[in-house]
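J.: Here the structure of chain U is known, so what remains is to put chain V in place on it, guided by the hints.
Sequence lines, in order, name chains U and V.
Residues in the first sequence are numbered consecutively from 8, following this note's numbering.
Residues in the second sequence are numbered consecutively from 8, following this note's numbering.
For the record, the hints were derived by calculation from the structure and aren't laboratory data.
Treat the hints with care, as some may be off.
Any copy will do: because identical chains look the same in the list, a pair fits if it lies in one copy or spans two.
What the hints assert, rightly or not - Here are the computed lysine-lysine pairs in the PhoX-like style, where the Cα-Cα straight-line distance is at most 20 Å:
id, residue 1, residue 2
1, Lys183, Lys138
2, Lys185, Lys231
3, Lys152, Lys45
4, Lys183, Lys306
5, Lys183, Lys231
6, Lys113, Lys24
7, Lys108, Lys24
8, Lys24, Lys120
9, Lys328, Lys45
10, Lys184, Lys249
11, Lys108, Lys120
12, Lys295, Lys152
13, Lys108, Lys138
14, Lys349, Lys165
Since the structure is predicted, the reported quantities are computational estimates derived from the model, not experimental observations.
Number of protein chains: 2
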Amino acid sequence: MRLSQIGELSLLEQIRKRFEKQSRTIIVGIGDDAAVLKQGDTNLLVTTDMMVEGIHFDLSFTTPFQLGFKLVSVNVSDIYAMGGNPSYLLLSLAMNNYTEKSFIDKFFDGVHKVMNLYGVSLVGGDLSSSKSLMSLSATLIGYTKRHIQRSGARVGDKIYVTGPLGDSACGLMLLKKKIKKPVPLEGYNEREQRAKSTGHRAQNKYTLLHALYSKLSVGGLSWKVVEPLLKRHLMPEARDPKEFVRYATAMIDISDGLLIDLSRLCDESKVGARIHIEKIPVSYELNKAASYLGISPIKLALSGGEDYELLFTAPANKKVKALHIGEITESERVIVDSSGRKKAFSAEGYQHFGVQR
Amino acid sequence: MRLSQIGELSLLEQIRKRFEKQSRTIIVGIGDDAAVLKQGDTNLLVTTDMMVEGIHFDLSFTTPFQLGFKLVSVNVSDIYAMGGNPSYLLLSLAMNNYTEKSFIDKFFDGVHKVMNLYGVSLVGGDLSSSKSLMSLSATLIGYTKRHIQRSGARVGDKIYVTGPLGDSACGLMLLKKKIKKPVPLEGYNEREQRAKSTGHRAQNKYTLLHALYSKLSVGGLSWKVVEPLLKRHLMPEARDPKEFVRYATAMIDISDGLLIDLSRLCDESKVGARIHIEKIPVSYELNKAASYLGISPIKLALSGGEDYELLFTAPANKKVKALHIGEITESERVIVDSSGRKKAFSAEGYQHFGVQR
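Extracted from the complex, chain U is given alone in its bound form (with noise of 0.2 Å):
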């Protein structure tokens, strides 16, 4: 049987299995956001994961720059999703020979950008050749005093997420579809833009191409509508839960989408969950976006992916600063539209080694 047959999700289980916890200081082994290692009154976090050329990114319409920031975005958001602290980070990197030393220096700036971002230091790493497709994976050590599982959501929770979701999948398509070649995005800061929008001073400094870019458009679409749902896939930044954190009861990051990673919370806490149609957050962005593709905004954002998002429960009494977007229920797992109706849902989302469905 290939791995085709079997798929991502059955061979994590089986591995799981094979290698349950096997030792007293393993807190968490295989299964959740990151590992949580017992170290005297804290605890040691750690996660990795890779990001496979023609799998995970597209030289095509990304840059070295963009590569290095989401390498490292992706594992913090693990590790954010634990409740923990990002601390050190190590890279493994196979290029092939004719990579440019300038591409890697690019690929290390956007390292250096997103390391400072999250108050990570880079420890140590490999670099090895490779006669094939570029293979990056990262792996990043955090600390906890209080970790938090996917298995702590408890029936009556409140369902909450960090912020709106699809942007980062309809961000790809626009790239895939019409864009079609790399974007510089370095310049643009996600927060001083939200300052902008909302009135504040911009205080960034747009660059030169930056602002050439910003009187282009994409089909009918402006810049400002094109450059945030590119912004966050190619350079998500990681949500920290530290306004929330202490009333969490399970925690996840989307990262395969939010069906996906809901029922994954769901399998681990043994409960269902009751999603609102109308609470699921999607940003003007995305409803401008998705029409022009001719695309549904609430099936991005329902199963779209690469949000990296906190996905994350909390009792109904705490006033939680996050978006509700449902409760936690016995066993039923249901969506639920503006007119009541209740439909089923189960796991939809990004599996590697993909089975037909």
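T.: Chain V in isolation, oriented as in the chain U frame:
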């Protein structure tokens, strides 16, 4: 400029300079066998090493079991080289859709076997599909109260290695040029084999397949000569330094060849080295096989690479259980032959993104 024109070492040096120690909790950052991170009264060691198809391994003569075994061993070797105890393992695997499920199972059989050998637990990882060759990466976390760096060698220290050199490189040549197919060595146990060759009763259960192979010969070489060489290449066991670690002043594991790794140790310690050609340990099997292949055994021992023996220094007045091969000098770096003639040596060994010399 392309990576092939720069070379791995020069690139590593640039990255190291750019990401110098960024926090006071980082005792050793980029540039040694593992990073050393302050952690209460003990230190955390972290290392990562990758194995890329077509570069580090060739599936036409490597079994998946051997691949899993070696991937963990080479990382354990890095932790041992810092004087530490290996504890937690993470794996990142990119394999294509056509990979057979049985391949993965056997790969994890090898991982399992070698984890037991070193007392290591698998705590996490990442699985991805790949559109091209296989790419494997492991991260290993260990602990030590006292870490041994490459930089501690002092003039007058003796230089030691933990076992014969060149066996792995010779094994690789036999596989590439003569055997050209995978050989099951899974039942082979180095320690038991040694006990056998010293007259003790063998304890290992030779499989039927193994018994069959043991009657074979490769060209004029008996299987008894061939097997330990293949084993050292395909399933290297890392050397635990516990018997001498308290005396070690500097240490490194020999992955790229004695001369290149000794040069690294000397560079970091700002010293020279004198090694005696007749003290370089060359096994009976290497002598036999090298003569059959028409190559110089000493050349393989000096720069063959992938030995995964430890190379270390200790004060001359200490009694050390290892093989003495030379002394640390002020600055000259020479090999002394049996008639006392000196020949300067420099880093020679395997470099990724290889530069022509």
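J.: Of the hints stated earlier, which fail here?
T.: Failing hints, ascending: 9, 10, 12.
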